[in-house]
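Visitor: Sequence:
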Amino acid sequence: MKVLIMAGGYATRLWPITKDNPKALLPVGEKKIIDYILEKVLNLDLPVYISTNRFFESHFRPVAEEYGVELIVEDTLHEEEKLGTIGAMKKAVDELGLDDYLVIAGDNLFSFSLGDFLARYSGETLIAVYDVGDLELAKRYGVVVLEGDRVVAFEEKPAQPRSTLISTGVYVFPERVMELLDDYLSNGNRDSPGYFVQWLLSKGEPIKAYRFSEYWYDIGSADSYLEALKTLLKESRIEEIQISPYAKIIPPVVIKRGAKILGRSIIGPFAYIGEDCLIENSDVSDSIIFRKTVIRNSTIWRSIIDEKCEIRNLELRKSLVGGHAKIQRGE
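According to the working numbering, the residues represented by the sequence shown are 1038 to 1368, in order.
Don't take each hint at face value.
[Claimed, not checked] The following label-pair restraints were derived from C-beta to C-beta distances:
| # | residue 1 | residue 2 | range |
| --- | --- | --- | --- |
| 1 | Lys1363 | Arg1213 | 55 to 65 Å |
| 2 | Thr1336 | Lys1194 | 33 to 43 Å |
| 3 | Glu1347 | Gly1134 | 46 to 56 Å |
| 4 | Leu1083 | Tyr1283 | 49 to 59 Å |
| 5 | Pro1306 | Arg1199 | 55 to 65 Å |
| 6 | His1096 | Arg1199 | 37 to 47 Å |
[Claimed, not checked] Cut-off 25 Å, straight-line C-alpha distance, at most; resulting in silico cross-link-like pairs (BS3-like, lysine-lysine):
| # | residue 1 | residue 2 |
| --- | --- | --- |
| 7 | Lys1329 | Lys1069 |
| 8 | Lys1077 | Lys1245 |
| 9 | Lys1128 | Lys1176 |
| 10 | Lys1068 | Lys1271 |
| 11 | Lys1345 | Lys1267 |
| 12 | Lys1285 | Lys1355 |
| 13 | Lys1068 | Lys1245 |
| 14 | Lys1245 | Lys1267 |
| 15 | Lys1176 | Lys1355 |
| 16 | Lys1329 | Lys1355 |
| 17 | Lys1267 | Lys1069 |
| 18 | Lys1069 | Lys1355 |
| 19 | Lys1329 | Lys1345 |
| 20 | Lys1329 | Lys1068 |
| 21 | Lys1345 | Lys1297 |
| 22 | Lys1069 | Lys1039 |
| 23 | Lys1245 | Lys1271 |
| 24 | Lys1039 | Lys1176 |
| 25 | Lys1245 | Lys1069 |
| 26 | Lys1345 | Lys1068 |
Keep in mind that the hints were calculated from the coordinates and are not lab data.
Heads up, the beta-carbon is just placed ideally off N, CA and C, and yes, glycines get one too.
Input sequences plus hints: build the corresponding full structure.
Guide: Shown next, in the form of structure tokens:
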């Protein structure tokens, strides 16, 4: 069996913060998204590959070297050129050969052990499923109907979901299923794992489900990104920083090296402050602030602010600010 982590997308739903940074490398607390995945994967003692694109290849090279895994790079530089998940899986098979594959979406944060997941694998397609508890929310995903642990119905993004149980971005596809990728793609089918699973079921392929609870996040929006931060940030990590005696830190927070917390600022709870930021007389909570951003006399709540921004005299709530932006009100 081989492990394939899919990180070839351009994350357009999170633009502008992912315009020049791959989503899998966004910080969630003191780690990046892909760190959480790789830490689980490396316990399996299986060969691991990260599938990405030419545009983000240089970002993933240091990760691959740090963890001792290999990259598979599709020769694309733009969203409209990308192979898509199934196309990238086919490229992996072309390069690495047919085998059973554990396929994991690179923007996926999940609570379960992959060892426990694989213990349930018996040679049939296996998918990880999670109850989102809301029919409206289920419309965004592949909805699953089970009898015991067997999938009896699957519909991708249904208008009227039959359950709130959805397929997450973790799958095991046996070798005989990976051999069907050419057939699936050559017949003009939609390039998405959910539609592929739906197609397999329609062909009579047996599919089993591994059901888990606790937490699961598909980092596809600012809300899901911030919710993941709140779930996974358990303890504070404060590096070498400058902090005013009048400032207050409410844990848990991550404050990276070189940051300056000045004046009567309040940081936290659930705040990530990147390297070399300057926060002065400002309150920051439930938010992610990327490196070298300056915030003065402002209140930031449930927001994401990209690198090298300047925010002055503002109250920002539920906002997403792109890099190098300068926003201020009055003097």
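Visitor: May I ask which of the numbered hints given earlier this structure violates, with the numbers listed in increasing order?
Guide: Of the numbered hints given earlier, those the structure breaks are 5, 9, 13, 14, 23, 24 and 25, listed in rising order.
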